[in-house]
Amino acid sequence: MSNDTILSSQRRNIEISLLLIRLTVFLVMLVWTIDKFTNPGHGARILESFYFIEGAGETIVMMMGAIEIVLIFAFVAGLWKKYTYGIILILHGLTTFASWKQYLEMNLLFYAAWPMLAACITLYLLRDLDVKFSLSK
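Residue 74 in our numbering sits at position 84 of the sequence shown, and the numbers go up by one each step.
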């Protein structure tokens, strides 16, 4: 097998892997965003409990959801990668670190945030290689 064939195969594998990361991160973000519309009171309680932002009403949570939906669809489409991937990374990073009390209480569900954070970092660092089904190459 030639070096070109091996490199081509590896590049294809990387592109598929990055696509899968992008799709699954989008899926998680989509569910969190939908929750802002279907249960905005939950979002307000999260802002208060984890981010110490009191008084954010349901309207503010839904406005956040509206901005977030635009962001995550641009993200999954592979648009403006430096910015959309970076913002997703920052948002998920904030969420991961804001949940520090949950880690101390051994709330196992919250530990799933760490591999997703690693996935967001990976996607950001390799964004130029993430070209499969991306609207910006």
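None of these hints come from the bench; they were simulated from the model.
It is possible that part of the hints are untrue.
Unchecked claim - Per label pair, the in silico range of CB-to-CB distance:
#1 H32 x N3: 37 to 45 Å
#2 L125 x W90: 20 to 28 Å
#3 S126 x W104: 23 to 31 Å
#4 F27 x S126: 21 to 29 Å
#5 Q0 x G45: 48 to 56 Å
#6 G83 x F27: 46 to 54 Å
#7 P105 x G45: 17 to 25 Å
Here the structure is a predicted model, which means the values were calculated and not measured.
We put the beta carbon where it would ideally sit given N, CA and C, even for glycine.
For this structure, which hints from the list above don't hold up?
2, 6, 7
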